[in-house]
Amino acid sequence: MRLLLLILTLALGLLQYRLWFGNNGYAEITRLEVQIKEQQLSNQQLAERNQLLKQEISDLRDGLESVEERARNELGMVGENEQFFRVIKRPKANNN
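Take the sequence shown: its letters are residues 1 to 96, numbered as in full-length UniProt numbering.
No lab work stands behind these hints, which were simulated from the structure alone.
No residue lacks a Cβ here, since even glycine has one placed at the ideal position from N, Cα and C.
Careful, some of the hints might be misleading.
[As the list claims (entries may be wrong)] Computed beta-carbon distance windows for the label pairs:
no.	residue 1	residue 2	range
1	Glu-56	Arg-90	57 to 63 Å
2	Arg-31	Glu-56	33 to 39 Å
3	Ile-57	Gly-25	30 to 36 Å
4	Gly-63	Lys-92	39 to 45 Å
5	Arg-49	Asn-73	44 to 50 Å
6	Arg-70	Arg-49	15 to 21 Å
Kindly generate the complete structure, drawing on both the sequences and the hints.
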């Protein structure tokens with residue numbers, strides 16, 4: 001009877017070890033769940049970025065306003081019949 005109890009205790013111990021620390025055990029499943037959540041967050045951020053890029057591409061294809069805005073801001077272009085004035089502030093003189 002003691003031998004049977006010892007064998008059952010060892011078997012239970014081995015099964016518990018495999019459950020908690022073995023392949024596909026609790027620790028690995030928890031790690032994989034965290035990894036899945038991180039990947040889902042990354043996917044969501046990339047999907048939002050893709051949506052913004054799609055909107056920008058659509059604006060560039062269809063709308064001239066975005067082209068004009070980029071030409072003015074990035075290239076410093078001025079529209080026809082427009083004058084550009086640059087106002088430069090003089091530094092205040094110190095009377096010390």
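These are the hints, each one checked on the structure:
no. : hint                        : verdict
1   : Glu-56 - Arg-90: 57 to 63 Å : violated, 40 Å
2   : Arg-31 - Glu-56: 33 to 39 Å : holds, 38 Å
3   : Ile-57 - Gly-25: 30 to 36 Å : violated, 47 Å
4   : Gly-63 - Lys-92: 39 to 45 Å : holds, 44 Å
5   : Arg-49 - Asn-73: 44 to 50 Å : violated, 21 Å
6   : Arg-70 - Arg-49: 15 to 21 Å : holds, 19 Å
Checked against the numbered hints given earlier, the structure breaks hints 1, 3, 5 and satisfies all the rest.
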